[in-house]
Amino acid sequence: MIHQAPAIGCCGPVETDAPLAVTINPEARVNVARSGAPIGTLKPGEWHTLAVTVVNDGFVTGPLAIEAEPVIGVQLDLPVHELTGEHRQDAALRVRLDAPTVVDVTLTFRALGALGGLATHSTVNLLLSARE
Amino acid sequence: MSDPAVQPLFASAIRAVRKRQDLGDPLPADVVTHLSKLTHLSKLTHLSKLEGSSLSEAERRSQLETLLRPFVLVDVSIDEQGIAVCAAGSAPPRLVQHGWRSFLVRVANPHRIDANLVATNSGVYGVIDHQSHSARIALHDTLTVVPRIKDAWLEAAIAAPGDLSGLEVEYKIISLYSREGGVRPGGVSLVAADEHNHHSLSRSPLGAAGFRTNFELREYAASFDFDCAPAREIQLDIREPDGWSCMAAITVRDAQGRSYPSKAMRLAPDMFFHEHVYRATGEMIRLPQGRYQIAAIRGPEYRQVLLEADVDAGTESVLITLDRWVDPASHGYYSGDPHIHAGGCSHYNVPSEGVTPETMIRHVRGEGLWLGSVLTWAPCYYHQKQFFSGESISPPAELEYPAMQAAQGMTWSPRATDRDAESALRYDVEVSGFPSSHSGHVILLGLTDQDYPGTSLIEDWPSWNLPVLRWGKEQNALVGYAHCGIGLSVGTEELPNYIVPSFQGIGSNEIVVDVPLGAADFQCGAEFAPAAELNIWYHLLSVGYRTLMLGETDYPCIYDEGPGVGRTYVRLAEPPAGPQAIEAWITGLRESASYFGDGRSHVFDLAVDGDVSREHPVDAPGPVRVSATVTAWLPEQPPPPPAGRPVYSAPVGWHLERDRIGASRAVVLEVVLNGVVVASQELVADGTEQEVAFDVTVERSSWLALRILRSVHTQPVFLEVGGRPIRASRRSAQWLHDSVDQLWKVKSGFIRDTEQDAARQAYDEAQAMYVSRREECEAD
Chain U
1 MIHQAPAIGC
11 CGPVETDAPL
21 AVTINPEARV
31 NVARSGAPIG
41 TLKPGEWHTL
51 AVTVVNDGFV
61 TGPLAIEAEP
71 VIGVQLDLPV
81 HELTGEHRQD
91 AALRVRLDAP
101 TVVDVTLTFR
111 ALGALGGLAT
121 HSTVNLLLSA
131 RE
Chain L
1 MSDPAVQPLF
11 ASAIRAVRKR
21 QDLGDPLPAD
31 VVTHLSKLTH
41 LSKLTHLSKL
51 EGSSLSEAER
61 RSQLETLLRP
71 FVLVDVSIDE
81 QGIAVCAAGS
91 APPRLVQHGW
101 RSFLVRVANP
111 HRIDANLVAT
121 NSGVYGVIDH
131 QSHSARIALH
141 DTLTVVPRIK
151 DAWLEAAIAA
161 PGDLSGLEVE
171 YKIISLYSRE
181 GGVRPGGVSL
191 VAADEHNHHS
201 LSRSPLGAAG
211 FRTNFELREY
221 AASFDFDCAP
231 AREIQLDIRE
241 PDGWSCMAAI
251 TVRDAQGRSY
261 PSKAMRLAPD
271 MFFHEHVYRA
281 TGEMIRLPQG
291 RYQIAAIRGP
301 EYRQVLLEAD
311 VDAGTESVLI
321 TLDRWVDPAS
331 HGYYSGDPHI
341 HAGGCSHYNV
351 PSEGVTPETM
361 IRHVRGEGLW
371 LGSVLTWAPC
381 YYHQKQFFSG
391 ESISPPAELE
401 YPAMQAAQGM
411 TWSPRATDRD
421 AESALRYDVE
431 VSGFPSSHSG
441 HVILLGLTDQ
451 DYPGTSLIED
461 WPSWNLPVLR
471 WGKEQNALVG
481 YAHCGIGLSV
491 GTEELPNYIV
501 PSFQGIGSNE
511 IVVDVPLGAA
521 DFQCGAEFAP
531 AAELNIWYHL
541 LSVGYRTLML
551 GETDYPCIYD
561 EGPGVGRTYV
571 RLAEPPAGPQ
581 AIEAWITGLR
591 ESASYFGDGR
601 SHVFDLAVDG
611 DVSREHPVDA
621 PGPVRVSATV
631 TAWLPEQPPP
641 PPAGRPVYSA
651 PVGWHLERDR
661 IGASRAVVLE
671 VVLNGVVVAS
681 QELVADGTEQ
691 EVAFDVTVER
701 SSWLALRILR
711 SVHTQPVFLE
721 VGGRPIRASR
731 RSAQWLHDSV
741 DQLWKVKSGF
751 IRDTEQDAAR
761 QAYDEAQAMY
771 VSRREECEAD
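Taken in order, these protein sequences are the chains called U and L. Residue numbering for the first sequence follows my numbering, starting at 1 and increasing by one per position. Residue numbering for the second sequence follows my numbering, starting at 1 and increasing by one per position.
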């Protein structure tokens with residue numbers, strides 16, 4: 001007999017200081033998760049950059065789009081990133097809250113246009129707060 | 001506690017409502033409508049625009065919580081230390097026996113702790129121990145296990161994602177499964193595993209969260225009197241195409257893809273690591289009312305049957321007619337799996353130190369195998385060895401440990417079938433977890449004595465394999481190596497190749513020493529990449545050794561699916577049956593035709609110039625006629641990709657689907673001469689039997705076989721030309737010689753000092769024989 005080896009592979013936790021980690025598996029499926037790094041508190045009316053680490057095990061190239069459901073009082077700058085196919089790539093998005101508040105934002109990451117994520121794993125919700 | 005902001009509170013509620021819809025257990029339509037009205041929108045997806053209403057934030061929070069409160073089963077409060085305290089909510093605790101129901105969970109998190117919310121379980125999966133390697137028991141473990149099984153009737157799961165955002169209040173979904181019907185008291189307990197502030201090296205975040213609840217005499221669980229609507233006993237009328245009764249693997253899923261019975265509520269003979277269960281004609285499965293997909297199969301000689309079944313108040317039985325596409329036994333070929341286990345790996349170790357022969361025979365019958373070699377090895381060795389008798393057995397597939405079965409509610413009566421006598425078990429030994437296991441795991445088939453002379457503990461056995469193999473051969477056992485390819489991969493699919501592997505694993509390592517000394521008969525594979533498995537075999541054959549190769553599963557260690565994932569077919573004059581079944585099968589392996597693989601393709605009656613003998617002498621170099629009857633079956637199209645995947649991908653290892661040529665239904669059948677492909681033809685894998693023939697030129701004494709790589713490989717036919725022994729490859733002899741050096745380099749340190757001299761001498765003798773044969777080789 002042999003003992004079953006622990007699962008290893010593409011989509012384990014990502015070591016990163018960025019609050020969001022996107023992994024793209026060998027079948028080009030996108031998975032996004034909070035990394036454990038803090039988001040921090042935003043200042044009302046100011047843009048806040050959220051770093052995103054992309055780990056690309058699928059050699060996927062082309063656009064990585066970020067979509068969000070609209071939330072009143074929240075402005076999102078969601079640039080389309082060009083995936084280079086490199087294993088690790090840095091990306092970012094920006095968020096601005098109009099006033100001191102707490103909001104829940106849902107983000108969905110898409111690569112290769114039509115290809116979705118692993119079940120609903122390409123979607124993440126973030127709790128963002130802004131204080132003076 | 002500060003009040004939660006309205007928008008994230010509603011976002012959380014929306015996700016929970018959607019999740020219940022996704023789970024097929026939606027909130028009542030009038031409630032969803034009310035939610036829609038609250039938002040002034042028709043779609044839940046825009047509920048967050050409630051902010052546009054004229055209500056105050058407090059009023060909006062209040063209305064939302066009032067609306068959802070009747071559906072909240074558990075109110076959770078997380079204190080400043082991250083400890084979750086549960087209380088019963090307003091939702092009526094109505095469950096269904098052998099089914100799932102989902103409810104809202106309201107989480108009050110005033111300290112805004114980021115954590116992962118997890119339901120703790122008292123299910124049977126938590127009772128059984130599948131991780132320890134305890135090998136000795138003092139007391140029969142049913143003494144303590146029975147009450148625990150009896151109490152483990154409720155399973156709870158937080159629907160993903162379980163992570164808390166840190167909002168003061170949010171909603172989650174919990175799903176509950178009940179094994180029992182009627183009114184039963186029970187508790188639901190949740191813990192908050194904080195992965196971000198975790199500082200323990202000895203406990204996981206989940207373990208630490210549970211551990212903290214041990215320090216106070218405080219009630220952390222919510223208590224309920226669950227009202228569980230009963231499920232019905234549904235009789236499975238399983239039939240062979242000829243109407244005979246039999247055992248088969250049955251998978252039952254509901255519309256959400258959940259399997260029945262719950263995998264977390266299984267006790268032998270139903271395995272928690274299977275999705276299917278094995279049932280005989282007339283045996284039962286309990287299902288609540290609903291619509292189910294039932295899949296039935298009996299090993300790779302059958303096509304899977306899929307049917308939809310509606311279970312309602314009038315349903316008593318379901319007819320399942322199996323679909324057999326090939327019957328090798330009708331050609332005189334009888335299947336066996338030389339490597340399955342009843343304890344360890346995925347099998348639990350307690351209760352009760354693995355499973356009994358009555359459970360193993362159920363699994364072997366359910367896969368349509370004639371023989372299963374149940375190998376006792378280190379975990380559970382001292383318990384499992386009681387089942388060794390030196391004879392093959394075919395016991396009734398009774399339920400084991402009646403007290404445990406009764407506690408689990410296993411009230412169905414096992415049924416005998418028309419096919420029962422066509423499957424047998426033979427208990428033997430795999431030398432795994434023993435002092436010599438570093439040299440590869442030895443399989444001993446057909447032992448008359450399972451204890452190495454002069455030993456009472458496995459730690460006393462030899463620290464290298466040759467003495468063990470010789471002791472086995474003294475008993476006329478067939479001896480060889482398990483999972484041959486482990487550690488022998490060299491990063492190429494080329495066959496043969498001449499790269500010396502690392503021998504760092506537990507493949508057929510010492511076989512390079514044991515075969516030339518006449519001490520090893522076979523190696524087992526059909527589990528991993530063919531190049532890693534076949535290369536060492538091809539080299540041994542090409543310098544004149546008659547080593548056998550068998551297909552095995554190493555169930556449930558390498559493959560969990562069932563016995564016979566890898567299998568071996570042996571041609572016999574009559575079916576292997578009775579106490580000497582394994583001996584008859586072994587004799588066939590030594591003397592008759594056989595092949596191994598995944599059971600999805602078959603090669604009958606391999607003949608050279610019409611002669612089906614394994615030894616076929618020829619007078620002089622020249623052409624020979626190779627013929628066989630071959631059949632293989634693939635579905636017309638590749639299977640559809642699973643949900644969320646772009647394409648279907650066959651399992652890694654041996655599987656005929658990996659041989660499909662493009663999108664066609666064809667595969668390639670190859671003739672191998674001295675390890676090299678000398679002829680091939682495409683074969684349509686439509687399940688029909690096809691006569692094939694090839695003209696092959698034999699220039700010198702050679703070995704010849706047919707294969708569909710990754711699916712089937714025959715034993716070789718040996719063609720000695722003019723009475724000269726096979727010496728077909730100088731490079732093979734050199735590879736074997738150099739492999740002995742590499743083996744000594746990496747493994748000799750594990751051999752006891754007292755055995756080092758004997759081992760070195762054996763290694764030297766083996767190398768000397770390879771040098772001698774290298775000089776005798778007729779070709780490079």
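Derived by calculation from the structure, the hints in this document are not laboratory data. Glycine included, C-beta positions come from ideal geometry on N, C-alpha and C. Heads up, some of the hints might be wrong.
As the list claims (entries may be wrong) - Each pair of labels, with its calculated beta carbon distance range: (1) L:Asp79 / U:Glu69: 49 to 59 Å; (2) U:Arg131 / L:Pro641: 31 to 41 Å; (3) L:Asp3 / U:Glu69: 16 to 26 Å; (4) U:Ala65 / L:Leu307: 19 to 29 Å; (5) U:Asp17 / L:Ser223: 42 to 52 Å; (6) L:Asp30 / U:Glu69: 45 to 55 Å; (7) U:Pro38 / L:Gln504: 34 to 44 Å; (8) U:Ile72 / L:Asp3: 13 to 23 Å; (9) U:Asp17 / L:Asp451: 50 to 60 Å; (10) U:Pro38 / L:Leu307: 44 to 54 Å.
Unchecked claim - In silico SDA-like links for lysine to any residue, alpha-carbon gap of 25 Å or less: (11) U:Lys43 / L:Val118; (12) U:Lys43 / L:Val169; (13) U:Lys43 / L:Ile499; (14) U:Lys43 / L:His111; (15) U:Lys43 / L:Gly722; (16) U:Lys43 / L:Lys150; (17) L:Lys150 / L:Val118; (18) U:Lys43 / U:Gly58.
As the list claims (entries may be wrong) - Which chain L residues face chain U? A few, computed with CB under 8 Å, are given here: (19) Pro8; (20) Ser12; (21) Gly162; (22) Ser165; (23) Gly166; (24) Val169; (25) Gly487; (26) Ser489.
Structure-based check of each hint:
Range check, L:Asp79 to U:Glu69: Cβ separation about 33 Å, and the 49 to 59 Å hint is violated. The supplied range of 31 to 41 Å is broken by U:Arg131 and L:Pro641, whose beta-carbon atoms lie about 47 Å from each other. For L:Asp3 and U:Glu69, the hinted distance range of 16 to 26 Å is satisfied, since their beta carbons lie about 23 Å from each other. In this structure the hint that U:Ala65 and L:Leu307 lie 19 to 29 Å apart at CB is violated, the actual value being about 42 Å.
Between U:Asp17 and L:Ser223, the C-beta spacing of about 44 Å keeps the proposed range 42 to 52 Å intact. Between L:Asp30 and U:Glu69 the CB atoms are about 25 Å apart, so this pair departs from the stated range of 45 to 55 Å. Separation of U:Pro38 from L:Gln504 is about 42 Å and conforms to the stated range, judged on CB atoms against 34 to 44 Å. For the pair U:Ile72 and L:Asp3, the supplied restraint of 13 to 23 Å holds, since their beta-carbon distance comes to about 18 Å.
The supplied range of 50 to 60 Å is met by U:Asp17 and L:Asp451, whose beta-carbon atoms lie about 59 Å from each other. For U:Pro38 and L:Leu307, the Cβ-Cβ distance of about 53 Å falls inside the hinted range of 44 to 54 Å, so the restraint holds. Taking the CA atoms of U:Lys43 and L:Val118, the gap is near 33 Å; set against the 25 Å cutoff, the hint is violated. Taking the CA atoms of U:Lys43 and L:Val169, the gap is near 23 Å; set against the 25 Å cutoff, the hint holds.
Taken as a hint, the U:Lys43 and L:Ile499 pair is broken in the structure, with Cα atoms around 63 Å apart against an allowance of 25 Å. Taken as a hint, the U:Lys43 and L:His111 pair is honoured in the structure, with Cα atoms around 21 Å apart against an allowance of 25 Å. Using a Cα cut-off of 25 Å, the hinted pair U:Lys43 and L:Gly722 is violated, with the two alpha carbons roughly 92 Å apart. The suggested pairing of U:Lys43 with L:Lys150 is violated, with an alpha-carbon distance near 56 Å, which exceeds 25 Å.
At most 25 Å may separate the alpha-carbon atoms for a hinted pair to count; L:Lys150 and L:Val118 meet this at roughly 23 Å. Under the criterion of a C-alpha separation no larger than 25 Å, the hint pairing U:Lys43 with U:Gly58 is inconsistent with the structure, at around 37 Å. The criterion of a C-beta within 8 Å of any C-beta in chain U is met by L:Pro8, whose closest approach is roughly 3 Å, and the hint holds. The interface hint given for L:Ser12 is met, as the beta carbon of that residue sits about 7 Å from the closest beta carbon of chain U, less than 8 Å.
Below 8 Å, beta-carbon pairs count as interface contacts, and L:Gly162 has none with chain U, the closest being about 13 Å; its hint is therefore violated. Taken as an interface hint, L:Ser165 checks out: its beta carbon lies about 4 Å from the nearest beta carbon of chain U, inside 8 Å. The interface hint given for L:Gly166 holds, since its Cβ lies 5 Å from the closest Cβ of chain U, which is under the 8 Å cut-off. For the restraint placing L:Val169 at the interface with chain U, the shortest Cβ-Cβ distance is roughly 11 Å, beyond the 8 Å limit, so the hint is violated.
Among the interface hints, the one on L:Gly487 is violated; its C-beta lies about 10 Å from the nearest C-beta in chain U, farther than the 8 Å criterion. For L:Ser489, the shortest C-beta to C-beta distance to chain U is roughly 14 Å, which exceeds 8 Å, and the interface hint is violated.
Violated hints, listed in ascending order, are 1, 2, 4, 6, 11, 13, 15, 16, 18, 21, 24, 25 and 26; each of the other numbered hints is respected by the structure.
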